[in-house]
Amino acid sequence: MADLWKKMRRTATKIGQDVKQDLTYFTPGLAVTHALADLPLRGKAFKPLTKWIQKQRDKKILRYLDERYGELIQSIDKSEQPVFKNAVQGSEPIWVCWLQGEENAPPLVKKCLSSIRRNAGSHPVHLLTEENLSDYICLPEVIRKKRSKSAIQSANFSDIIRVMVLREHGGLWLDATIFCTKPIPEWYFKRDLFSCRGPVQDSNYISRYRWTSFVLGGKKSSIFLKIMSELFCEYWKREDASIDYLLVDYLIELSYRRSKKIRQMIDTLPENNLQRDDLAACMNQAFSQQKWDDLMASDTVLFKLSWREPWTEETSDNKKSFYGFFLECEFI
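Numbering (the working numbering), first residue to last: 1 to 332.
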C-alpha cells in the first residue's frame with residue numbers, strides 16, 4: 001500500500017509540473033492532453049483511450065509548431081543550397097557524446113564506446129565532452145544562456161548538439177548507448193539522411209519507426225541538417241521550455257510534412273537494424289549462448305541499450321544474465 005501511495009504521489013507531482021509548464025509557456029489544450037497522457041492507464045482495456053490521447057497531443061504539438069515554424073522550413077526548402085566537397089570515402093567522422101567525459105561514464109557506456117571504435121574502420125570517432133565541444137561547433141548565445149539556466153534540459157541539449165555537429169562536419173551520430181557488433185556499413189555515410197528505420201506502423205511515437213534520433217547521419221550539405229539546426233536555433237530564440245521531451249522527433253515530423261525534399265529522404269530510406277531493441281529486451285533474462293549467437297548473426301549492426309534501466313548481472317535464481325555477460329565479456 002505504501003508503494004502504491006508513493007506511485008500516486010509521483011504521478012500527481014508529474015501531472016502538476018507538466019500542466020504548470022504547458023499553461024505557462026504553451027496552451028491550455030496542451031496542458032489538458034499532457035495531464036491525460038501522464039495518467040497511468042495500463043492494460044488492453046485502456047489501449048484505445050491512451051492511443052486517442054496521444055493522437056490528440058500529437059495534433060496539438062504539431063499545430064503549435066507549424067503555426068510558428070512551418071514557414072521557416074518552407075523558406076529553407078526553396079532556397080538554393082551550397083554544395084560542399086564530399087569527404088574522402090572512409091574518412092567521414094563518427095560522433096558520440098558523453099559530456100561528463102569518458103572516465104565518468106558508466107560501464108555500459110564504456111562498453112558501447114569500445115564497440116563503436118572497434119567497428120569504425122577508417123572513420124575517426126570523436127567523443128564530444130563539455131571540455132572539447134567548442135572545438136567542433138559554436139553554439140548560439142541564446143542556446144548557451146538557456147542551457148545555463150536549465151531551460152534546455154540534457155536530452156534536448158544533446159539533440160541540438162547532434163544536428164549542429166552533423167551540419168558542420170557531416171558523418172554519423174551514434175548515441176553513447178549504441179552497441180555496435182559489426183563493421184559499420186559504408187552506405188550509412190553516403191546518404192543526405194541516414195537513420196535506423198523499421199516497417200512503418202502505428203505507434204505512440206510520432207516517428208512511427210520511420211527514423212530514430214539516437215542514430216542519425218548525413219552529409220554536411222544536407223538540407224535536412226540545415227533545416228533541423230535552423231529550427232532548433234529559432235525555437236530556442238522564441239521558447240523558454242521544450243514542448244515535449246522528444247522535441248527533435250516533432251521537428252522532424254514537421255519538416256517531413258512541410259518539405260518535399262525531406263519527405264523523399266525519409267520515405268526512400270531502406271529499412272535497417274530491425275532487431276535493434278532485441279538485446280535490450282533480454283538483458284535481465286538468463287544468458288543463452290544460442291540466443292546471443294543468433295542476435296550477433298542477425299543483420300542488425302547497431303543495438304540500442306540504456307544505462308538507466310535496472311538491469312542486473314544475475315537473475316533471481318542466481319544465473320548469469322545477458323547483462324552480466326555483456327559487462328564481463330571482452331569483445332574482439
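Check each hint, because a few of them may be wrong.
To be verified - DSS-like cross-link-like pairs, simulated, lysine-lysine; straight-line CA separation at most 27 Å:
| id | residue 1 | residue 2 |
| --- | --- | --- |
| 1 | 47 | 78 |
| 2 | 237 | 190 |
| 3 | 111 | 226 |
| 4 | 145 | 226 |
| 5 | 111 | 145 |
| 6 | 237 | 146 |
| 7 | 78 | 291 |
| 8 | 226 | 261 |
| 9 | 291 | 182 |
| 10 | 291 | 60 |
| 11 | 47 | 60 |
| 12 | 291 | 260 |
| 13 | 20 | 59 |
| 14 | 59 | 44 |
What the hints assert, rightly or not - Restraint ranges, calculated between C-beta atoms of paired labels, are given here:
| id | residue 1 | residue 2 | range |
| --- | --- | --- | --- |
| 15 | 308 | 202 | 37 to 43 Å |
| 16 | 14 | 292 | 33 to 39 Å |
| 17 | 55 | 290 | 39 to 45 Å |
| 18 | 114 | 20 | 21 to 27 Å |
Bear in mind the hints are in silico, worked out from the structure with no lab data behind them. The beta carbon of each residue, even a glycine, is placed where N, CA and C say it ideally should be.
Verification of the supplied hints:
1. Distance hint between residue 47 and residue 78 is unfulfilled; the C-alpha atoms sit about 41 Å from each other, more than 27 Å.
2. Only pairs whose Cα atoms come within 27 Å are accepted, and residue 237 paired with residue 190 is rejected, the gap being roughly 32 Å.
3. A hinted pair counts as satisfied when its Cα atoms are at most 27 Å apart, and residue 111 with residue 226 does not qualify at roughly 32 Å.
4. Distance hint between residue 145 and residue 226 is fulfilled; the C-alpha atoms sit about 22 Å from each other, no more than 27 Å.
5. Distance hint between residue 111 and residue 145 is unfulfilled; the C-alpha atoms sit about 33 Å from each other, more than 27 Å.
6. Our distance criterion of 27 Å between C-alpha atoms is met by residue 237 and residue 146, whose separation comes to about 9 Å.
7. Of the supplied pair hints, the one linking residue 78 and residue 291 is violated, its CA atoms being roughly 50 Å apart against a limit of 27 Å.
8. A C-alpha spacing of about 12 Å is found between residue 226 and residue 261, which places the hinted pair at or below 27 Å, so the restraint holds.
9. Between the alpha carbons of residue 291 and residue 182 the distance comes to roughly 17 Å, so the proposed pair stays at or under 27 Å and holds.
10. Taking the CA atoms of residue 291 and residue 60, the gap is near 43 Å; set against the 27 Å cutoff, the hint is violated.
11. For the suggested pair residue 47 and residue 60, the alpha carbons sit about 20 Å apart, so the restraint of at most 27 Å is met.
12. Proposed proximity of residue 291 and residue 260 is contradicted: the alpha carbons are some 42 Å apart, above 27 Å.
13. Among the hinted pairs, residue 20 with residue 59 is consistent with the structure: their alpha-carbon atoms are about 20 Å apart, no more than 27 Å.
14. Note on residue 59 and residue 44: the hinted pairing holds, with a Cα-Cα distance of about 23 Å set against a maximum of 27 Å.
15. The hinted window of 37 to 43 Å between residue 308 and residue 202 is violated, with their beta carbons roughly 26 Å apart.
16. Roughly 37 Å separates the CB atoms of residue 14 and residue 292, a value that falls within the hinted 33 to 39 Å.
17. Taking 39 to 45 Å as the suggested C-beta distance range, the pair residue 55 and residue 290 conforms, at roughly 41 Å.
18. About 43 Å separates the C-beta atoms of residue 114 and residue 20, a value inconsistent with the hinted range of 21 to 27 Å.
Hint violations for this structure: numbers 1, 2, 3, 5, 7, 10, 12, 15, 18, all remaining hints satisfied.
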